[in-house]
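Participant: Build the full structure now, drawing on both the sequences and the hints.
Chains as they are written, first to last, in our numbering: chain W, 1 to 218; chain E, 1001 to 1123.
Simulated from the structure, these hints should not be mistaken for laboratory data. Warning: the hint list may mix true and false statements.
[As the list claims (entries may be wrong)] Restricting the straight-line Cα-Cα distance to at most 20 Å, the calculated cross-link-like pairs of lysine to any residue (SDA-like) are: (1) E/Lys1063 <-> W/Thr88; (2) E/Lys1063 <-> W/Lys106; (3) W/Lys106 <-> W/Gly182; (4) W/Lys106 <-> E/Phe1040; (5) E/Lys1096 <-> W/Asp22; (6) W/Lys106 <-> W/Val130; (7) E/Lys1066 <-> E/Phe1052; (8) E/Lys1089 <-> W/Ala34; (9) E/Lys1089 <-> W/Gly31; (10) E/Lys1089 <-> W/Gly30; (11) E/Lys1096 <-> W/Asp42; (12) E/Lys1066 <-> W/Ile72; (13) E/Lys1063 <-> W/Ile72; (14) W/Lys106 <-> E/Val1033; (15) E/Lys1066 <-> W/Trp63; (16) E/Lys1096 <-> W/Glu21.
[As the list claims (entries may be wrong)] Label-pair distances were calculated between CB atoms; the ranges are: (17) E/Leu1083 <-> W/Cys174: 23 to 33 Å; (18) E/Thr1038 <-> W/Trp63: 33 to 43 Å; (19) W/Ala128 <-> E/Leu1083: 33 to 43 Å; (20) E/Asn1062 <-> W/Met180: 50 to 60 Å; (21) E/Met1113 <-> W/Gly182: 21 to 31 Å.
Idealized CB from N, CA, C, for every residue including glycine.
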Amino acid sequence: MTTADLAHAAHADHGHDEPAEDPHFGKATGGKIAMWMFIAQDGMSFGGLLLAYGLLRFSSVDWPQPSDILGIPLTAFATFVLICSSLTMVMAVEGAKNRDQGALTKWLGLTIFGGLIFLGIQVYEYSALVHEGITFATSTWEGVPINDRFGSTFYAVTGFHGMHVFSGVVYLICILLKAMRGEYTQGGNSYSPVELVGLFWHFVDLVWILVFTFIYLL
Amino acid sequence: MNEPDLTTHRAIPMASDAAHAAGNDVDDHTSHVPTYVTIFLVLGFLTILEIFVPDIYSAEWNKTTKMLLLCLLAVVKATLVGLYFMHLKWERPWLKWIALMPAYMAVFTILLMLETVFRAPGA
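Facilitator: Given below as structure tokens:
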């Protein structure tokens, strides 16, 4: 790629022109490539946490069955809410691509609403578990001490994910505020920031699918 | 500045693969909405399946079946989200390789598990 190409690509990222064609990444913007690299690294962070969870759990002989303690139906509902929010997110991106500001703001708002419901369920779940004796440091269930690492690993993994959902909601609110000013419905590549927040949001959904299986269902 | 051509919308699921094969997602305004709704319904259905798997395979002797089924369902769901909602299906191979980086963790985990399974007794 020549210097002129790079300059054009950089301009395309900030402006509303379409990016230059790259032999390796096609018309993917620099922002999109950067977001994917961030997602890959963040995915490895989650991978490390889940790997540590697995090693701790399967090297213990007294690990409780998670489904006996954790509320599966409520968490399954939270999972479904997150999947719904992924659908509303792709609809928001479609709205931005089609220069439909009404659709964009509506679907972004619903995505934020889904994220807030998920966070509300997580806060409710945490308070119920702490009340029952499952804390970050020690774990008791129905008055009987259980493996302390159950609570530690549960809060570490789901808390790390919850912070991502919270960050995603804040990110989405920032995008929504700008979307309401019409910044992402000007045609060309102006919808790119909506696509980027969408990538992050879908990643949060994707990770939860794995967390739900490994922490709750297995 | 080029105005997007809104007249090229199509309502055929997954019909735009060729147009996207070169990572050409910027100026192609083909509607993916039917595809998204289909994927959403499949994800919802698989989530319902997941809830029933631990009940059906709750006995100790079929614990491995339960684990394998749940892992398979989770991987399928995550793959669907990555391919369709995150548009990986229509991206260039380089971006797909970047997205696959965390999968190395899964390979490492499988290697660790295999080591445990095949470890010599008393080792």
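Participant: Under the constraints set out in the numbered hints, which ones does this structure not fulfil?
Facilitator: 1, 2, 6, 21
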